[in-house]
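Using the hints provided, position chain B relative to the given structure of chain A.
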Amino acid sequence: GLFAYLEMLEAQAHKAAVKQEEMEQQEEKLAMLKKRLQELRLQRDELRAKVELQEKGQLGKEGVTSEPAQPSAQTVLEWKIKSIKAMLQIFYLTGISGKLTKRGVCFCISTAYEGTYLDSYYLDLLTKPEVQIYRHSIPAFIPLEQIAKKYLQTDIRRFLSVLLDHLNAYVGRRFQADQLQEQFPEQIEGSLQRNSLCNLLVFKYNVSSEGKTFSLTARLLYGDLCRSLPTEAVVSCAPDSPASLAEVAAAHSDLFRRMALHKAFRSFSSAVEIME
Amino acid sequence: MDESTCQAYEDEILSLEEEIKLLAEKYEDGQQESTFFSDEEILMAVKSSQGEFEGESEGRESLSDLKAQLESLETDLSFLMKFTGIQFTSHSKKTVERTTKRTVRKHRLSGNCLSLPFQLEFQLLEVQNEGNVSAVVTDLSIVLESAEDSDVIKFVSSTEECGNLLTFFRRVLSYAEWHEHRRATFLHFK
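Which chain is which? The protein sequence lines are A and B, in order. In terms of full-length UniProt numbering, the first sequence opens at residue 1 and continues consecutively. In terms of full-length UniProt numbering, the second sequence opens at residue 1 and continues consecutively.
Chain A with its partners taken away, still in its complex shape (with noise of 0.2 Å):
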C-alpha cells in the first residue's frame, strides 16, 4: 500500500531528474556546436575575404596588415624551401627523381603513358664501396639482375636509363590493356589473358559486319621489352567464317602492330559505325 505508493513516486522523481538532466546535457551540446560554428563561419569567411583580394592582386608583397613591410629571414627560407621542394617534384616529371641518402642515393623511377604518369619506383643503392643496390621495388619479372650485371658497374645512368625503358614498355602494354578492357567491355569476350610482364595478350572479341556478329581471336606477342607495341599479331576466325572476315583478321592484325591497343579498337569501331 502506502510502501508501494512511495516507491512508485520516487521512481517517478528518479526518472524525471535523469530526462532533466538529459535535457540539459543536450542543450548545453547544442549551444556548444552552435558556438564552434559560428566561429569556422568567421573564420572561413575571413579566408575568402583574403583569398579573394589576393586573387585581385591586391595583396602584392606586403600581404595581410599582421605581416611587415619587410619580409623576416625566416619567411625568405621558407618560400625558397618550398619553391626548391617544387622543382625537385618537377624533376618526378622528368622520369628520374630521386634524394642523396647517408650511404648512397635513393633514386625514384617514374613510368608515364602519353600524359598519364603511372607506377613509380624506388631503387636505393649504396656507392661504397662499389655501387650495389639495396633496396628497390622493382616488380620480379623486371629482369633487374641482368640489366645490373650489364651496366651498373660501369655506367649508372645507363643503367637506369635501360631500367626506365623496361618499366615504362611494361606500364605502357598494362595501361593499354586495361584501358581496352575498360573502354570496350562489350567487345571483348570473357576476359583478357595475359601474363604479370603483359608481353603476351590473347583475347577474344567480336565484330559485326552487314548485321551480324563475327568472333576474332588476337594473340599478341611483345618481343621486345622496351616496346609496348607487339612484334606479332595474330588475329584469327573460326574456320567456317566469310572470307571477308579473313581480311578484316589481316587488318587488324596491321592495326595492333602500329598503334596503341585502345586505339586500335577505336579506330575500327568508329569504322564500323560509319559504314553502318
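The set of hints was computed from the structure by calculation and includes no laboratory data. All C-beta atoms, glycine included, are put in the ideal place defined by N, C-alpha and C. Where hints are given, some of them may not hold.
[As the list claims (entries may be wrong)] The list that follows gives simulated cross-link-like pairs (lysine-lysine, DSSO-like), each with its CA atoms no further than 27 Å apart:
id : chain 1 : residue 1 : chain 2 : residue 2
1  : B       : Lys-82    : A       : Lys-85
2  : B       : Lys-82    : A       : Lys-128
3  : B       : Lys-154   : A       : Lys-99
4  : B       : Lys-26    : A       : Lys-50
5  : A       : Lys-85    : B       : Lys-154
6  : A       : Lys-35    : B       : Lys-106
7  : A       : Lys-82    : B       : Lys-21
8  : B       : Lys-21    : B       : Lys-154
9  : B       : Lys-94    : A       : Lys-50
10 : A       : Lys-50    : A       : Lys-34
11 : B       : Lys-21    : A       : Lys-263
12 : B       : Lys-82    : A       : Lys-82
13 : B       : Lys-106   : B       : Lys-154
14 : B       : Lys-101   : B       : Lys-82
15 : A       : Lys-82    : A       : Lys-50
16 : A       : Lys-56    : A       : Lys-82
17 : B       : Lys-94    : B       : Lys-26
18 : A       : Lys-99    : B       : Lys-67
19 : B       : Lys-101   : A       : Lys-50
[Claimed, not checked] Stretch-level coverage of chain A by chain B, calculated; a stretch enters the list once three of its residues show a Cβ under 8 Å from a Cβ in chain B:
id : segment
20 : 39 to 48
21 : 80 to 91
22 : 94 to 105
This is chain B only, laid out in the frame that chain A set:
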C-alpha cells in the same frame, strides 16, 4: 528535433573545417606563387642571425632548422641536375583549380638539357586517390632551340599532341648528347 539539429550542426562543422583547410591551402599557394625573392635576398636570409636561438612564432621552425633544411634540399637538387644532365633554370606555377580531390596547376619551366635550352608550358592535373596521387599532363607546349632537324620538329609536335612529357625528357637527353657530339666534332674540324 534536437537530435536532427545536432546532426545538422555537426555536418556543417565538418564541411566548414574542410572548406577552411582548402582555403588556407589556396591562400598559401597564392602567396608562394606571387612572391619572388632574388638570390641576393636568399643569401642575406641565410647569413642572417635573427631568431637564431629561439624558435620565432609558434608553429614555425627556427632559423637554423630552416637553413639546414635548405642546404639539404639544395644538395639534392644540384646532385639531380648534375646526374641527369637536366638543369632547370626557372620554374613558375599557377594554381588554376583546387578542390579536396583535384588540383590543377599551370607550369612554366625553362632549362637546359646539357647545352640545349628548352622552354615548356603545360597543365598538370593531380587527383587524390586512395593511397596515391595520379598526375596527367595536358596542353603541353615545347620550345626546343636548335631544332632545325625535321625529325626533331616532328618529334616535338607529336610529343606535344599526346602530352608525352616523360618521353620528351628521355629523348631530348639523347638528342642533346648527339647534338653536343656533333658540335664538338664540327669544332674539331674547323
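Each hint, compared with the structure:
Among the hinted pairs, Lys-82/B with Lys-85/A is consistent with the structure: their alpha-carbon atoms are about 17 Å apart, no more than 27 Å. Straight-line distance between C-alpha atoms of Lys-82/B and Lys-128/A comes to about 19 Å, which keeps the hinted pair within the 27 Å bound. Taking the CA atoms of Lys-154/B and Lys-99/A, the gap is about 34 Å. The hint is violated against a cut of 27 Å. For the proposed pair Lys-26/B and Lys-50/A, the alpha carbon gap of about 10 Å is at most 27 Å, so the pair holds.
Annotation: proposed proximity of Lys-85/A to Lys-154/B is violated, straight-line Cα distance about 33 Å (limit 27 Å). Taking the CA atoms of Lys-35/A and Lys-106/B, the gap is about 40 Å. The hint is violated against a cut of 27 Å. Among the hinted pairs, Lys-82/A with Lys-21/B is consistent with the structure: their alpha-carbon atoms are about 18 Å apart, no more than 27 Å. For the suggested pair Lys-21/B and Lys-154/B, the alpha carbons sit about 45 Å apart, so the restraint of at most 27 Å is broken.
The hinted pair formed by Lys-94/B and Lys-50/A meets the criterion: a straight-line CA distance of about 17 Å does not exceed 27 Å. Restraint check: the Cα-Cα separation between Lys-50/A and Lys-34/A comes to about 24 Å, which is no more than 27 Å; the hinted pair holds. Only pairs whose Cα atoms come within 27 Å are accepted, and Lys-21/B paired with Lys-263/A is rejected, the gap being roughly 41 Å. Our distance criterion of 27 Å between C-alpha atoms is met by Lys-82/B and Lys-82/A, whose separation comes to about 21 Å.
Distance check on the hinted pair: Lys-106/B and Lys-154/B sit about 25 Å apart at the alpha-carbon level, within 27 Å; holds. Our distance criterion of 27 Å between C-alpha atoms is broken by Lys-101/B and Lys-82/B, whose separation comes to about 35 Å. In summary, the hint linking Lys-82/A to Lys-50/A is supported, as the alpha carbons are separated by about 21 Å, within the 27 Å threshold. At roughly 23 Å between alpha-carbon atoms, Lys-56/A and Lys-82/A fall within 27 Å of each other, so this suggested pair holds.
Simply put, Lys-94/B and Lys-26/B have alpha-carbon atoms about 11 Å apart, close enough for the 27 Å limit, and the pair holds. In summary, the hint linking Lys-99/A to Lys-67/B is supported, as the alpha carbons are separated by about 18 Å, within the 27 Å threshold. The hinted pair formed by Lys-101/B and Lys-50/A meets the criterion: a straight-line CA distance of about 22 Å does not exceed 27 Å. Three residues within the 8 Å Cβ limit are the bar, and the segment 39 to 48 of chain A against chain B gives 6, so the coverage statement holds.
Given as covered by chain B, the segment 80 to 91 of chain A passes the check, having 11 residues with a CB less than 8 Å from a CB of that chain where 3 are the minimum. With 8 residues having a Cβ less than 8 Å from any Cβ of chain B, the segment 94 to 105 of chain A passes the three-residue criterion, so the hint holds.
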